[in-house]
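Undergrad: Chain residues, written in single-letter form:
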Amino acid sequence: MTTSEKFNDKRSLLYRCYQQQPAALTAEIDPSQLGLHDFSVKLRYGFRGPQAHAVLSAAQITVPSAANSLCTTPSGELVLRLSNSEYWLLHPKASGQQTLLESQSTEQCYSLFCQDSHAWLVLTGPNIARIMAKLCAVDLREIVFPHGAIAQTSVARVNAVIAHHCFGESAVFSILSDSASASYLWDAIQDAMQEFKD
Amino acid sequence: MKMINCPLNGLRNSSEFVYGGEVKDMPDHRNCSDREWAEYIFFHDNAVAVVTEWWLHAPSSYWFIGERHTASDEFLRTYDPSERFNTRVEFAVPVVESEK
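So the sequences go chain by chain: S and A.
The first sequence begins at 1 in the numbering used here and counts up by one.
The second sequence begins at 1 in the numbering used here and counts up by one.
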């Protein structure tokens, strides 16, 4: 797994956190271990509008059938459906810009630049639902929040999208939150994780 | 904490929601009087009754309509705006002075 510092062409939205925690920069990602990882430099983009579904279908991208759910493409990309006409695509293994955005933006289907507007954190490990219970009012236990589910809610008083999906063999939470408060949320989740370390 | 049933996201704490004012029919902004426009923008009935209001679920930026009793503060029903706004509204072209 490539960690954030390998993408030298981009600076993470969380670069200030790395100044305080240099170890986080070089940490290898083991999804089975408790950890919070910064995916902010990874590629993500979105579409919204009445024709968004048609644009994605034309690009051979399968989309979830209901709002607040996600599906995974064979190449490992995550397709999030956040409302009846809004889709976000997350690429855990890629960085850089993508070209589908420019070519497909119309009045009926316009681009969402969530690469710049939202930070992407990934919470991994065995107690992620219990950690999030300290920060978030929505019940995120596996029995009520299964793989493929999305919750758009408040996490530590910051608006966030929480996506439950698999990363390798392990279930993880992807947390997409406003870029301006990314450093705060990073610290808030790290603080909640302390109880479950060791 | 009070809960509000968002049509998109389900039951959520009321702290996640933002009030957006009463749902009113928009007057023809090109031809209406200043008073009519002010009524639409600034004035509210403020009645003790079941009122129809705009609400925003802030984490998902989703606007919906809620029917709420202003005395008991209970939501009787929430629904997607497409139930009410399902056709495009066209306003008449403004009357130009020179054409009179």
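It should be emphasised that the hints constitute simulated quantities derived from the structure, not laboratory data.
Do not take every clue at face value.
For lysine to any residue, the following SDA-like pairs were computed, each having C-alpha atoms within a straight-line distance of at most 25 Å [what the hints assert, rightly or not]:
(1) Lys2(A) - Ala133(S)
(2) Lys134(S) - Leu11(A)
(3) Lys2(A) - Leu78(S)
(4) Lys2(A) - Val158(S)
(5) Lys134(S) - Phe75(A)
(6) Lys134(S) - Asn46(A)
(7) Lys134(S) - Met26(A)
(8) Lys134(S) - Gly10(A)
(9) Lys2(A) - Tyr18(S)
(10) Lys134(S) - Asp28(A)
(11) Lys2(A) - Gln20(S)
(12) Lys2(A) - Ala156(S)
(13) Lys134(S) - Met3(A)
(14) Lys2(A) - Leu135(S)
(15) Lys134(S) - Asn5(A)
(16) Lys2(A) - Pro74(S)
(17) Lys134(S) - Ala58(A)
(18) Lys134(S) - Ser14(A)
(19) Lys2(A) - Asn68(S)
(20) Lys2(A) - Asn159(S)
(21) Lys2(A) - Leu56(S)
(22) Lys2(A) - Gly35(S)
(23) Lys2(A) - Ala137(S)
(24) Lys134(S) - Lys2(A)
(25) Lys134(S) - Asn13(A)
(26) Lys2(A) - Phe145(S)
(27) Lys2(A) - Arg130(S)
(28) Lys134(S) - Asn86(A)
(29) Lys2(A) - Ala180(S)
As the structure is a computational prediction, the values presented were derived from the model and not from experiment.
Undergrad: State for each hint whether it applies.
TA: Hints versus structure:
Pair hint Lys2(A) plus Ala133(S) holds up; C-alpha atoms about 18 Å apart against a cutoff of 25 Å. Restraint check for Lys134(S) and Leu11(A): the C-alpha separation of about 19 Å stays at or below 25 Å, so the hint holds. Restraint check: the Cα-Cα separation between Lys2(A) and Leu78(S) comes to about 34 Å, which exceeds 25 Å; the hinted pair is violated. For the proposed pair Lys2(A) and Val158(S), the alpha carbon gap of about 19 Å is at most 25 Å, so the pair holds.
Proximity of Lys134(S) to Phe75(A) is assessed by CA-CA distance (about 28 Å); at most 25 Å being required, the pair is judged violated. For the hint pairing Lys134(S) with Asn46(A), the CA-to-CA distance comes to about 38 Å; that exceeds 25 Å, so the pair is violated. Note on Lys134(S) and Met26(A): the hinted pairing is violated, with a Cα-Cα distance of about 44 Å set against a maximum of 25 Å. Our distance criterion of 25 Å between C-alpha atoms is met by Lys134(S) and Gly10(A), whose separation comes to about 20 Å.
Straight-line distance between C-alpha atoms of Lys2(A) and Tyr18(S) comes to about 39 Å, which puts the hinted pair past the 25 Å bound. At roughly 50 Å between alpha-carbon atoms, Lys134(S) and Asp28(A) are farther apart than 25 Å, so this suggested pair is violated. For the proposed pair Lys2(A) and Gln20(S), the alpha carbon gap of about 39 Å is over 25 Å, so the pair is violated. The hinted pair formed by Lys2(A) and Ala156(S) meets the criterion: a straight-line CA distance of about 18 Å does not exceed 25 Å.
Proposed proximity of Lys134(S) and Met3(A) is supported: the alpha carbons are some 19 Å apart, at most 25 Å. Restraint check for Lys2(A) and Leu135(S): the C-alpha separation of about 18 Å stays at or below 25 Å, so the hint holds. Distance restraint check for Lys134(S) and Asn5(A): the Cα-Cα separation of roughly 22 Å lies within the 25 Å cut-off, and the hinted pair is therefore satisfied. Our distance criterion of 25 Å between C-alpha atoms is broken by Lys2(A) and Pro74(S), whose separation comes to about 42 Å.
This hinted pair checks out: Lys134(S) and Ala58(A) have alpha carbons roughly 20 Å apart, not beyond 25 Å. Between the alpha carbons of Lys134(S) and Ser14(A) the distance comes to roughly 18 Å, so the proposed pair stays at or under 25 Å and holds. Distance restraint check for Lys2(A) and Asn68(S): the Cα-Cα separation of roughly 23 Å lies within the 25 Å cut-off, and the hinted pair is therefore satisfied. Straight-line distance between C-alpha atoms of Lys2(A) and Asn159(S) comes to about 18 Å, which keeps the hinted pair within the 25 Å bound.
Of the supplied pair hints, the one linking Lys2(A) and Leu56(S) is violated, its CA atoms being roughly 38 Å apart against a limit of 25 Å. For a cut-off of 25 Å, the pair hint linking Lys2(A) to Gly35(S) is broken: about 33 Å separates their Cα positions. For the hint linking Lys2(A) to Ala137(S), the alpha-carbon distance of about 12 Å falls within 25 Å, and the restraint holds. With a CA separation close to 19 Å, the supplied pair Lys134(S) and Lys2(A) stays within the 25 Å bound.
For the proposed pair Lys134(S) and Asn13(A), the alpha carbon gap of about 15 Å is at most 25 Å, so the pair holds. For the proposed pair Lys2(A) and Phe145(S), the alpha carbon gap of about 22 Å is at most 25 Å, so the pair holds. For the hint linking Lys2(A) to Arg130(S), the alpha-carbon distance of about 23 Å falls within 25 Å, and the restraint holds. Restraint check: the Cα-Cα separation between Lys134(S) and Asn86(A) comes to about 41 Å, which exceeds 25 Å; the hinted pair is violated.
In summary, the hint linking Lys2(A) to Ala180(S) is not supported, as the alpha carbons are separated by about 28 Å, beyond the 25 Å threshold.
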